[in-house]
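**Q** Here is how the chains run, residue by residue.
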Amino acid sequence: MTFVKNAWYVAARSGEVGDKPLARTLLDLPIVLFRGPDGNATALLDACPHRAVPLSRGTVEKNGRIRCIYHGLEFDVGGVCRFNPHVAGPPDALRARCFPVQERYGLIWFWPGEEADADPALMPEYAEFEQAEGYVTGGSYTWVAASYLLMIDNLFDLSHAEYLHPGSVGTPGAIERAQTWVEREADSVKVHFEIPNLPPPKVWHAAWDRSEKVDQYFHMHWTGGGNIYMGLCVTPTGAAREEGWHLPFLHLVTPETDSSTHYFWCFARDFLLDNPELNGALEDVSGQAFNLEDKPILESVQAALAVPGVKLRNFSIGDSASSTIRRMIERQAEAELV
Amino acid sequence: MPTIVVHGRGGNRSEIRTESGISIMEALRGGGFDELSSLCGGCCSCATCHVYVENGFLDALAGPDGDEADMLDCLAHRADNSRLACQLLVTDALDGMEIRVAPEE
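Same order as they appear, the protein sequences are chains A and B.
Quick note: my numbering has the first sequence finishing at residue 339, numbered continuously throughout.
Quick note: my numbering has the second sequence finishing at residue 937, numbered continuously throughout.
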């Protein structure tokens with residue numbers, strides 16, 4: 002399977018990780034996440050270095066260590082064994098693999114590759130999601146039984162929205178007037194999708210009252226691993242971009258296995274900031290699109306690809322963008338094997 | 833009117849007489865040569881019109897530009913003389929050019 006290991010991936014939403022162990026498979030690795038005494042999150046390989054029992058079956062003790070359910074060994078947030086009642090002398094030669102972790106944008110990120118290369122400066126920059134003034138953020142999580150590569154294909158092919166999502170995030174009629182173009186750089190790919198002068202899709206109905214028709218400006222920007230930023234600006238038809246409302250989305254897809262994905266999606270809005278109920282409406286309609294519309298389709302595609310003779314073909318501009326991303330991922334993954 | 837010689841995947845050889853100013857992909861289709869699937873219709877998004885430019889004509893062609901170069905870069909069967917037929921404009925200077933259809937990806 003094609004995974005780039007030397008990249009930052011989202012492991013969990015911040016609120017998911019506390020003083021109870023959270024077990025999660027990430028890039029085929031069993032991982033246990035928990036918080037230590039200072040509240041900092043950690044990610045350890047979820048296998049006790051003694052007899053390989055999942056540490057997540059144990060408990061996080063008041064001292065901030067995770068205790069193995071099998072023999073009571075305790076490991077600190079760095080994975081170092083600090084207590085072993087079965088041996089005399091210092092227990093700290095026994096270690097569980099510890100992965101570099103960062104907490105940012107309300108998410109816990111981990112680096113599955115070489116520890117020495119885990120530079121926090123390599124994390125993607127999402128200014129609007131950094132508790133920025135002028136923005137309210139929301140979002141959720143969707144588990145999908147399909148490869149993260151299929152999810153990237155789906156996100157970069159916005160032409161599917163009006164067909165699969167006509168009652169949520171799609172804009173019927175977009176295909177006849179949308180402008181689509183791709184920008185490719187050495188380690189990132191961006192596709193632009195702009196839909197002029199059509200009524201806004203349902204996801205805007207709880208908020209938008211500025212005009213009957215709107216111009217919609219999307220761009221999808223992949224910057225490595227499974228990290229995709231979607232810029233979204235909506236203006237009254239013909240108005241300047243600066244007058245628009247902005248709803249940037251993060252689509253962060255972390256491979257669970259070669260055929261399943263943890264999909265973390267987050268949005269930030271710069272409009273109607275004093276309306277706390279708007280997040281619920283945005284999450285409901287987005288959730289409808291991702292959970293009830295994208296998810297079953299991508300899962301059926303994943304299943305179909307097991308059938309001999311079934312293959313993916315590209316012909317849209319979005320397809321060409323995601324095929325470039327797939328190639329970049331393949332090359333990076335091959336380079337890591339050398 | 834220039835003539836383009838095309839070698840198909842099965843070793844078949846066709847001569848296509850074509851007007852100038854259209855793409856090689858369109859010229860082949862117009863001439864009844866149907867081995868190129870050209871799924872995207874010529875907008876440089878699918879790379880299914882991948883051909884090899886033979887007999888010294890590579891230098892007579894402009895490009896490839898950024899998008900075509902990026903698409904070529906994704907191909908497993910890429911060679912130094914790889915081009916996408918939809919991006920090649922027929923001119924009188926291409927009279928006698930031979931191209932060979934690349935294997936399917």
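It is worth saying that the hints were derived from the structure and are not from the lab.
Errors might be hidden in some of the hints.
[What the hints assert, rightly or not] Some chain A residues flagged as far from chain B (calculated, every beta-carbon gap over 12 angstroms):
id, residue
1, 86
2, 173
3, 190
4, 258
5, 312
6, 316
7, 322
8, 324
9, 331
[To be verified] The calculated SDA-like cross-link candidates involving lysine to any residue, where the alpha carbons are at most 20 angstroms apart (straight line), are:
id, chain 1, residue 1, chain 2, residue 2
10, A, 312, B, 899
11, A, 312, B, 901
12, A, 191, B, 902
13, A, 191, B, 900
14, A, 191, B, 904
15, A, 191, B, 897
16, A, 21, A, 73
17, A, 191, B, 899
18, A, 191, B, 901
19, A, 312, B, 936
20, A, 6, A, 92
21, A, 6, A, 21
22, A, 191, B, 867
23, A, 312, B, 932
24, A, 312, B, 937
25, A, 203, A, 120
[What the hints assert, rightly or not] Chain B stretches covered by chain A per the calculated footprint, using a threshold of three residues with CB under 8 angstroms from any CB of chain A:
id, segment
26, 847 to 861
27, 876 to 889
Cβ coordinates follow ideal geometry from the N, Cα and C atoms, glycine included.
**Q** Taking the hints in turn, state whether each one holds.
**A** These are the hints, each one checked on the structure:
no.: 1; hint: 86; result: 57 angstroms, holds
no.: 2; hint: 173; result: 23 angstroms, holds
no.: 3; hint: 190; result: 9 angstroms, violated
no.: 4; hint: 258; result: 25 angstroms, holds
no.: 5; hint: 312; result: 9 angstroms, violated
no.: 6; hint: 316; result: 4 angstroms, violated
no.: 7; hint: 322; result: 9 angstroms, violated
no.: 8; hint: 324; result: 5 angstroms, violated
no.: 9; hint: 331; result: 9 angstroms, violated
no.: 10; hint: 312/A / 899/B; result: 24 angstroms, violated
no.: 11; hint: 312/A / 901/B; result: 24 angstroms, violated
no.: 12; hint: 191/A / 902/B; result: 13 angstroms, holds
no.: 13; hint: 191/A / 900/B; result: 16 angstroms, holds
no.: 14; hint: 191/A / 904/B; result: 18 angstroms, holds
no.: 15; hint: 191/A / 897/B; result: 18 angstroms, holds
no.: 16; hint: 21/A / 73/A; result: 16 angstroms, holds
no.: 17; hint: 191/A / 899/B; result: 13 angstroms, holds
no.: 18; hint: 191/A / 901/B; result: 16 angstroms, holds
no.: 19; hint: 312/A / 936/B; result: 13 angstroms, holds
no.: 20; hint: 6/A / 92/A; result: 30 angstroms, violated
no.: 21; hint: 6/A / 21/A; result: 27 angstroms, violated
no.: 22; hint: 191/A / 867/B; result: 32 angstroms, violated
no.: 23; hint: 312/A / 932/B; result: 25 angstroms, violated
no.: 24; hint: 312/A / 937/B; result: 11 angstroms, holds
no.: 25; hint: 203/A / 120/A; result: 40 angstroms, violated
no.: 26; hint: 847 to 861; result: violated (count 0)
no.: 27; hint: 876 to 889; result: holds (count 5)
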